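S.K.: Work the whole structure out from these sequences, hints included.
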Amino acid sequence: MKALYRFITSMPFMAFLLMVLAFAMATATFLESSQGTQAAKAMIYNSHWFELLWGLLAFNLINNIFKYRLFSVRRFTLGLFHISFLAMMAGALLTRYIGFEGTMHIREEQSSDVMVSSDGYFYAEYEGDKKEERVLFSEINHRQFTAGFDTNGQTVKVKSVGFIAGAERKAIPSANGVPVIDFVCSSPENSGMQSLYLFSGDSKTISGLTIGFDSGPVHDILFIADNGQIYMTTSGPVTESSMTGQGGNVYSSGDTVKLKTMSLYSLNDFRFLVRNYIPSATFSAVKSVAGTYEDAVIVQIKENDRVQTVPVFGSSGAISDTLQVPLGNRSLKLAYGSKYLQLPFSLHLKKFIVERYPGSDSPSSFTSEVVLVDDKDNIRRDVSIFMNNTLRYKKYKFFQSSYDRDERGTILSVSYDFWGTLVTYFGYTLLILGIILSLFNRNSYFRILARRLKNYQVKGALVLLLCVFIMPGELSARTSGNIPPVDNEVVKKFSELWVQGADGRIEPMSTLAGEIVRKLSRKSSLSGKSPEEAVLSMTVYPELWRSIPFVRVSNKSLATQLGISGKHIALQELFDEKGNYIIAGDVRTAYSKNPALRNRVDKELIYLDERVSICFMVFRGSIFRLFPRKENDKMWYSPGSEAEDYDGGDSIFIKGALSMLANSITGQDRNKAINIIETISEFQNKHGDSLLLSQSKKRAEILYNKTNPFERIFPYYMLFGFMLLFILFVNIFRLKQLPGIIKNAFLIVIFLVFVIHTAGLILRWYISGHAPWSNGYESMVYVAWAAMLAGLLLGKKYPMVVGTASFLSGIALFVAHLNWMNPEITNLVPVLKSYWLTIHVSVITSSYGFIGLSAFLGVLVLILVIVRRPSNESKVNVIMGQLTTINEMSAIAGLYFLTIGTFFGAVWANESWGRYWGWDPKETWSLITILIYSFIVHMRLIPRLRGTVNYNIASVLGFGSVLMTYFGVNYYLTGLHSYGQGSAGKVSPLLPVLFAILAGIMIWAYYRDSEYEMKRKDSKGWS
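Converting from the sequence shown to this note's numbering requires adding 779 to each position, the first position being numbered 1.
No lab work stands behind these hints: they were computed from the structure. Mixed in with the good hints there might be a few duds.
Straight-line alpha carbon distances no greater than 27 Å define the calculated DSS-like cross-link-like pairs of lysine-lysine that follow [claimed, not checked]:
1) K910 / K1155
2) K938 / K1066
3) K1129 / K1118
4) K1335 / K1372
5) K1173 / K1155
6) K1476 / K1298
7) K1066 / K820
8) K1465 / K1434
9) K1346 / K1298
10) K1066 / K1129
11) K1298 / K1173
12) K910 / K820
13) K1272 / K1451
14) K1335 / K1346
15) K1298 / K1413
16) K909 / K983
17) K1485 / K1271
18) K1037 / K1066
19) K936 / K909
Since this is a predicted model, take the numbers as computed values, not measurements.
M.R.: Right, dumping it as structure tokens:
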């Protein structure tokens, strides 16, 4: 037993547990992507063996807290940090076994005192004997329910033997069945048409209406079968009409109506039609091609010696109907789905309010105005529930989740997890306190590394600085040739006009022009013209632009098919002599395919068709929404529109403004063109003043568009970073002192680039009104900034660290400007409007910069191991020691930021929708990365794993989890964190080559270090 105890509490076993947990969670994310969330929870997250692993890790951690005396005064801050994880595990345990959550749906002027559980249950009842179990069904884990009934000598056994996700019902005529009605319905609060079956004795509640079939008299709609015919009675007047909406009869409440199949009936806003009536049918479940929100559990029923199989339809998160299976003269009741949970109070919805961005359908915010009613405690209180503003009462929390399509009903998330949340938040507090105090505790390992770094004597040297600023050139498809230039002052005035973008954002024309040019050509200019001049010129000289190849075709196969050798095509090449659109048929075929079945040519055809449409919108001017409406929530008018809001001169001006502007430009009348633009500006200020941003924000946004700071600086980051590293490596072999002026020159130039980077971030923040890390592009720019900041903080005395950080930042910015990253400034969706989110993303993204620096330093150290020779051994070993120390500090700082950022994200999630941890792939991979880097920073405590080369190899390999957390989850896996503003492109063929090079470096360095250590022990020379 002592041997087992020593093994379970040892550091190697701790490392083993960290890796096993990381592997298990990584497997779960891929399982979720392929098989669904239920499968991942059933097989891994909610399994007992997964809980056991965490329990063993907690036991190991408790032992090591005592073993390493982390409760002593010298190490108390480290003790706080490690104890915090125990508190978080305890909180998670309470949440799992005590807490619960669900949803509450309320229509306006109605009340509710029940919630629908988020957990799914399977229910069976026979002769009053009820069996119920909480279940997690999936197609690979369907054996979740088994029950037996023994009543009056009759034995009935029930067990689940299959599961179909996204199932649909199929009624099959059978002599042993029951009467079935197949009908479809629609209502304002439900999107689209619902297809439903009703069998004899069944009753459903849909959109607040009770609908039954031979199931009693009290229903809003009651279907009755009589002699092979279907009749209906309703609680209110019902209208009958044909599918085309013509003709129609009106029946009064209580009338018995003979139903006609394929006739449309309307009861208030509820519409339905009966497609078919089957006098006797049974149900089977089949996989739905289109996908449904309903699943099917395949249940085997054994009654004595008789066996039958039936599908039970339902899903987690929704109340399902009870299926009655006849067993002789008795019946077995089965149901799968969520259940109602009674609350000790009720909520009454007075009003549901949706606020939108001006002129857009995109919601800016939505609010439920409710009345909290608790008759027991005589409480009646008005409450507003909106995103990031919750209602807390009697340990229940209510969050704004969604709403009905007609915007007259709300869906609230409900959470009951007071104790789990309290203990978990206590753990978060200890974590942050422990980390902050550890940075100041002179006995912490981080401070020990800092002192070690001071003791190193810098022997490396830089020899020469070649500082050549090469401004990144603007790419263009081909020269504009015979297209006349537009006067600079006219272009400047045009760029300053306000315009409404596609998402409803009010922005300068300069911004929209840049977006159009990028969309059309994937470039930052067209034919040597600025975006503003190019777009204005296209409206003035559309026929000339038709002959210029500027429309992007990214797919080589499609380019070959279209007969072009480059990546751009002229519009006229897409139309034949008769003006027919030559790709029209291919585009229709591509659109008709299921999105999942479209190949790369299909997708590129759709993109090309969108670009062609945009070109014609620019030619006509319909893309420029320049004229505000009188109602702020309406989309602005484009030039040429029939302006219904205005009459007289204003209406005429809106209709002809752009053509007048074009005529003045073609007529070389500069003053008239400027006057027309200024008149448009005056119209905007007069009718849209309440929507317009300040002039300072307009100037800032135009400046940002013109300078394009992030795209301009990444060549400098890469150039100076590479030059610095190259010179340092050459200098290792030269063994010469570095002139201070050369080192300082490099540091100053890189710092100035960093200042521009910082100014660009501040400018983007000011323009957008929110922190600049809300999408893939912004977060990548921020990662680059954080990496450079880490390099400057940790390596101000070590040029190799600064050079590494500079090169890394350049690569990050380069990636940010690849085609599949979208640099547009956009409005925020409501859930992202949270200060917790701002803190979460800023902290966690900063960690990527520190961890990325750690990985790059690891590569440098491994290269130094490879180039180490007897002639440079002493110098190389010193530099390796410096870089490894900085590597460890960077990894620890990155781990601190990553841990704090991850759990700040948990706080944001809890405050936004009531769940601090939901095993979403993004948060799961963040936890995986925390575990991996916890393993890496503790390698020094495991004799067989410690060592310079081992650590640096681990720091390189560990960065793979960060790449997966950032790119893999955001662009490839399912989950809540996929960036809506970008989509993954194909994997570059250079990536496998890069990975092969890194693998070669690691293997070669490991071999060279082993050879070095062996020969050093033998006190022999080596080469």
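S.K.: Run every hint past the structure and note whether it holds.
M.R.: A quick look at each hint next to the structure:
no. : hint          : result
1   : K910 / K1155  : violated (32 Å)
2   : K938 / K1066  : holds (21 Å)
3   : K1129 / K1118 : holds (26 Å)
4   : K1335 / K1372 : holds (21 Å)
5   : K1173 / K1155 : holds (12 Å)
6   : K1476 / K1298 : holds (24 Å)
7   : K1066 / K820  : holds (22 Å)
8   : K1465 / K1434 : holds (18 Å)
9   : K1346 / K1298 : holds (14 Å)
10  : K1066 / K1129 : violated (41 Å)
11  : K1298 / K1173 : violated (52 Å)
12  : K910 / K820   : holds (23 Å)
13  : K1272 / K1451 : holds (12 Å)
14  : K1335 / K1346 : holds (8 Å)
15  : K1298 / K1413 : holds (25 Å)
16  : K909 / K983   : holds (22 Å)
17  : K1485 / K1271 : holds (11 Å)
18  : K1037 / K1066 : violated (34 Å)
19  : K936 / K909   : holds (13 Å)
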